[in-house]
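Peer 1: Residue numbers (my numbering), protein chains in the order written: chain F, 7 to 192; chain V, 3 to 547.
Derived by calculation from the structure, the hints in this document are not laboratory data.
Treat the hints with caution; some may be incorrect.
Stated by the list, open to error - Here are the simulated DSBU-like pairs of lysine-lysine, each with C-alpha atoms no more than 35 Å apart in a straight line: (1) F:16 - V:536; (2) V:63 - F:127; (3) V:63 - F:16; (4) V:63 - V:184; (5) V:162 - V:63; (6) F:13 - V:446; (7) V:536 - V:446; (8) F:137 - F:127; (9) F:137 - V:536; (10) V:536 - F:13; (11) V:536 - V:184; (12) V:536 - V:415; (13) V:446 - V:63; (14) F:127 - V:446; (15) V:184 - F:127; (16) V:446 - V:415.
To be verified - So the derived label-pair ranges between C-beta atoms look like this: (17) F:63 - V:242: 43 to 53 Å; (18) V:187 - F:61: 26 to 36 Å; (19) F:18 - V:351: 46 to 56 Å; (20) F:59 - V:187: 34 to 44 Å; (21) V:360 - F:22: 22 to 32 Å; (22) V:181 - F:20: 49 to 59 Å.
Just so you know, these numbers come straight off a predicted model, no measurement behind them.
Even for Gly, the Cβ is constructed at its ideal location relative to N, Cα and C.
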Amino acid sequence: MLRLYGKIFKTGVLTERVPAAAKPVPARAEGPVPISAEVDETIQRAGERLKTVVDRRFRGSLAIRQVDSGSCNGCELEIHALNNVYYGIERFGVHFVASPRHADILLVTGPVSRHMEAALKRTYEAMADPKWVLAAGDCGACGGEFGVSYASCGAVANVIPVDGVIPGCPPAPIALIRGILDLLAR
Amino acid sequence: MPELSSQQAVGIDVSAVADTADPVHRFYSVLGSGNIRAALIEPSGLPPARLIEVQSGDWGKASQHAAAESWRWAGVWAEDLGVDLEINACLERRGAYLILRTRVRANHPELPSHAPHYWAADRPERHIHDLFGIRFSDHPDPRRWTRHQAWDEHTFPLRKSLAVAGDQPLETAPDCDYPFLKAQGASVNEIPVGPVHAGTIEPGHFRFQAIGETVLHLEERLGYVHKGIEKLAEGRDRAALARLAGRVSGDCTVGHTWAACMAMERAAGVEIPLRAAYLRGILAERERVINHLGDLGALCNDVGFLFGYYEFGRLRELWLRENLAWFGHRLMMDRIVPGGVAVNLSQDRAERMRQSLDALRRELDELITILDANSSLEDRLVGAGLLATDTAAALGALGFVGRASGQTFDVRKDAPYAPYDRLPVRVPLEDQGDVSSRFWVRYKELRAALRLLEQMLRDLPAGELTTVWQTPREHAAGFGAVESWRGEILCYVRFGEGGLIRRYYPRDPSIINWPALEQLVLGNIVPDFPVCNKSVNGSYSGHDL
Ligand code: SF4
Numbered sequence: 007m008l009r010l011y012g013k014i015f016k017t018g019v020l021t022e023r024v025p026a027a028a029k030p031v032p033a034r035a036e037g038p039v040p041i042s043a044e045v046d047e048t049i050q051r052a053g054e055r056l057k058t059v060v061d062r063r064f065r066g067s068l069a070i071r072q073v074d075s076g077s078c079n080g081c082e083l084e085i086h087a088l089n090n091v092y093y094g095i096e097r098f099g100v101h102f103v104a105s106p107r108h109a110d111i112l113l114v115t116g117p118v119s120r121h122m123e124a125a126l127k128r129t130y131e132a133m134a135d136p137k138w139v140l141a142a143g144d145c146g147a148c149g150g151e152f153g154v155s156y157a158s159c160g161a162v163a164n165v166i167p168v169d170g171v172i173p174g175c176p177p178a179p180i181a182l183i184r185g186i187l188d189l190l191a192r
Numbered sequence: 003m004p005e006l007s008s009q010q011a012v013g014i015d016v017s018a019v020a021d022t023a024d025p026v027h028r029f030y031s032v033l034g035s036g037n038i039r040a041a042l043i044e045p046s047g048l049p050p051a052r053l054i055e056v057q058s059g060d061w062g063k064a065s066q067h068a069a070a071e072s073w074r075w076a077g078v079w080a081e082d083l084g085v086d087l088e089i090n091a092c093l094e095r096r097g098a099y100l101i102l103r104t105r106v107r108a109n110h111p112e113l114p115s116h117a118p119h120y121w122a123a124d125r126p127e128r129h130i131h132d133l134f135g136i137r138f139s140d141h142p143d144p145r146r147w148t149r150h151q152a153w154d155e156h157t158f159p160l161r162k163s164l165a166v167a168g169d170q171p172l173e174t175a176p177d178c179d180y181p182f183l184k185a186q187g188a189s190v191n192e193i194p195v196g197p198v199h200a201g202t203i204e205p206g207h208f209r210f211q212a213i214g215e216t217v218l219h220l221e222e223r224l225g226y227v228h229k230g231i232e233k234l235a236e237g238r239d240r241a242a243l244a245r246l247a248g249r250v251s252g253d254c255t256v257g258h259t260w261a262a263c264m265a266m267e268r269a270a271g272v273e274i275p276l277r278a279a280y281l282r283g284i285l286a287e288r289e290r291v292i293n294h295l296g297d298l299g300a301l302c303n304d305v306g307f308l309f310g311y312y313e314f315g316r317l318r319e320l321w322l323r324e325n326l327a328w329f330g331h332r333l334m335m336d337r338i339v340p341g342g343v344a345v346n347l348s349q350d351r352a353e354r355m356r357q358s359l360d361a362l363r364r365e366l367d368e369l370i371t372i373l374d375a376n377s378s379l380e381d382r383l384v385g386a387g388l389l390a391t392d393t394a395a396a397l398g399a400l401g402f403v404g405r406a407s408g409q410t411f412d413v414r415k416d417a418p419y420a421p422y423d424r425l426p427v428r429v430p431l432e433d434q435g436d437v438s439s440r441f442w443v444r445y446k447e448l449r450a451a452l453r454l455l456e457q458m459l460r461d462l463p464a465g466e467l468t469t470v471w472q473t474p475r476e477h478a479a480g481f482g483a484v485e486s487w488r489g490e491i492l493c494y495v496r497f498g499e500g501g502l503i504r505r506y507y508p509r510d511p512s513i514i515n516w517p518a519l520e521q522l523v524l525g526n527i528v529p530d531f532p533v534c535n536k537s538v539n540g541s542y543s544g545h546d547l
């Protein structure tokens, strides 16, 4: 047990400040707005703004329900990484919940496979208003490598209303954080 | 239910057959003495796999002989050739791959099943039925598998006559009436779970029959993330196929891209430069390390040992960042390309990677001492999720799931390909078959991967990164087999006109391993299901295609 405490002490606090985005990503004129990082201020400040929004509108805590609607599981790996010690997304008041009824945001990955279409719709319908939908990854944003076929409905927006997309294959954890922060800070 | 292959030997006098050194020749003569008309096709056109063609009526009997001869059943795929449908089953014994091939009429597609002799053939044959319409006459389970409600029972999406777009119904109904096996009795309760799970994991349905907390029966229902990958591959060029292969299962992107490129390169008769082979090996071993780190952490998390979760997660993140810095992508997607690799490794970076290997080794030494001394972790892992060695053998369980239950097979060692044919591949083994065994086998594989990386960095030859591509002739086919972190990946590719893909079939190890979970969870308590599931960690996407 002493060794365990020793290791924790030695490892220390690794949680990082989120750096500013390297490149601006232009917003599209129509359709779901691609969530880009704001280039003129650090995410830390955006995070602080978000904290204000979360505090005011969500009583300090924002709940996300994640649904894989047909992903290759690459996007899930990066969403998992949000909980590792470096990103620690919970410090922004953001946490992942098991029930859609507790969720403010539905974070959807993958193209929507036809076999997941009904389950995704039901999950969306189970959420209480007000609610937002974020489509993460190129697949969720536009269908990605899979598109529309006999087995796939393509982009998430083809199935449920989408409020923002986070491009990338898969989007890195930092892009996911910016996507979530931007959706609520705008 | 698993049937031990050795029990199928009844009635076949194998002792009469000369024990030739070549298992394929031996099997061929066994078929002959069993009055099965078979043709050994040499050269096979699918090297290094060999090829035996049999009549469709003998398809089932041939597999019975194969089971009696201890061939491992590794996969099956079909192809629409117009008038005929071609069916290929892949068998393996002592590192030799054998393709068993037959044809049926497209308008009368009926074939005996391999499932009565090989447990592993059950779902793959149902997949073929749902997508090609081939009826396996004596199949023990006639229920649909990959098909839910997106297409009807008279539509077969992988027939060439069907467009990739399909019929496009306005809305696909949920698959509500799948006939699950029911348990009767006053104290039995049924627990449906999924397809949407409580955590951030892939979708699938699990139907438990439990008595109190104890699992009496578990039935998996997969196919929710079926995206039509086999169909989407048709008509792609080689680069586009490599990209698609990299997305069959994102956690295994290096493995699948390698298998697909290997199959394409063999079909085209292209040999990749040795430097490219070494770099592929480095990418693949790094993929093994990051996935093992991630899952060791996740196993700790599933039993509430958060210290392990955070420490392993930290190490994994460091390696992902190195991937980004050195190879340009955290998961190393699209770094393997047909004909070679799209990455290089400078002297300077190789040196830094060597240092990082040392650093990880030191960290692991420290962590494992702590984990070893932690009885609360041991309490939860030892004895949970038991997969007996004979069950694992009957299934042909792959990767660390097989190796934690005494199955030694590893493509890198038993059917080696460059660069592993010049490396000392050590394959760790455990035989307790519980969650703890799978945990420790993966830890040992992690250490072995670090040794391999060290050696590959030392031996990394100079040379080109890609080789000049030659467009393969029409109908040229290729077979690939690689050992991914999850286990053996098989891949079959056939080219059509103009160097475009006519058929692509990836056999993810999960396709074989998923049924193991149904067995190993029996008798465990329902709350231990997450850790049992994680200890197998099948890919839903790689299974559903
Ligand atoms: S965006 Fe990329 S990583 Fe995410 S599900 Fe699609 S293919 Fe996989």
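Peer 1: Give a verdict on every hint.
Peer 2: Consistency of the hints with the structure:
For the given pair, residue 16 (chain F) sits about 29 Å from residue 536 (chain V) by alpha-carbon distance, which is consistent with the 35 Å threshold. Straight-line distance between C-alpha atoms of residue 63 (chain V) and residue 127 (chain F) comes to about 47 Å, which puts the hinted pair past the 35 Å bound. At roughly 63 Å between alpha-carbon atoms, residue 63 (chain V) and residue 16 (chain F) are farther apart than 35 Å, so this suggested pair is violated. A threshold of 35 Å between alpha carbons decides the hint, and for residue 63 (chain V) with residue 184 (chain V) the separation of about 32 Å falls inside it, so the pair holds.
In summary, the hint linking residue 162 (chain V) to residue 63 (chain V) is supported, as the alpha carbons are separated by about 29 Å, within the 35 Å threshold. Between residue 13 (chain F) and residue 446 (chain V) the alpha-carbon distance is near 22 Å, which keeps this suggested pair within the 35 Å criterion. Restraint check for residue 536 (chain V) and residue 446 (chain V): the C-alpha separation of about 18 Å stays at or below 35 Å, so the hint holds. With a C-alpha separation of about 13 Å, the suggested pairing of residue 137 (chain F) with residue 127 (chain F) holds against the 35 Å cut-off.
For the proposed pair residue 137 (chain F) and residue 536 (chain V), the alpha carbon gap of about 31 Å is at most 35 Å, so the pair holds. Annotation: proposed proximity of residue 536 (chain V) to residue 13 (chain F) holds, straight-line Cα distance about 26 Å (limit 35 Å). Simply put, residue 536 (chain V) and residue 184 (chain V) have alpha-carbon atoms about 25 Å apart, close enough for the 35 Å limit, and the pair holds. Of the pairs offered as hints, the one joining residue 536 (chain V) and residue 415 (chain V) holds, with about 26 Å between alpha carbons and a cut-off of 35 Å not exceeded.
Between residue 446 (chain V) and residue 63 (chain V) the CA atoms are separated by roughly 40 Å; this puts the pair beyond 35 Å, and the hint is violated. The hinted pair formed by residue 127 (chain F) and residue 446 (chain V) fails the criterion: a straight-line CA distance of about 43 Å is larger than 35 Å. Only pairs whose Cα atoms come within 35 Å are accepted, and residue 184 (chain V) paired with residue 127 (chain F) is accepted, the gap being roughly 28 Å. In summary, the hint linking residue 446 (chain V) to residue 415 (chain V) is supported, as the alpha carbons are separated by about 16 Å, within the 35 Å threshold.
At roughly 44 Å, the beta carbons of residue 63 (chain F) and residue 242 (chain V) sit within the given window of 43 to 53 Å. At roughly 53 Å, the beta carbons of residue 187 (chain V) and residue 61 (chain F) sit outside the given window of 26 to 36 Å. Checked against the given bound of 46 to 56 Å, the beta carbons of residue 18 (chain F) and residue 351 (chain V), roughly 27 Å apart, lie outside it. For the pair residue 59 (chain F) and residue 187 (chain V), the beta carbons lie near 53 Å from each other, so the given range of 34 to 44 Å is not met.
Distance hint check: the CB atoms of residue 360 (chain V) and residue 22 (chain F) are about 24 Å apart, consistent with the given range 22 to 32 Å. In this structure the supplied range 49 to 59 Å holds for residue 181 (chain V) paired with residue 20 (chain F), their Cβ-Cβ distance being about 51 Å.
Violated hints, listed in ascending order, are 2, 3, 13, 14, 18, 19, 20; each of the other numbered hints is respected by the structure.
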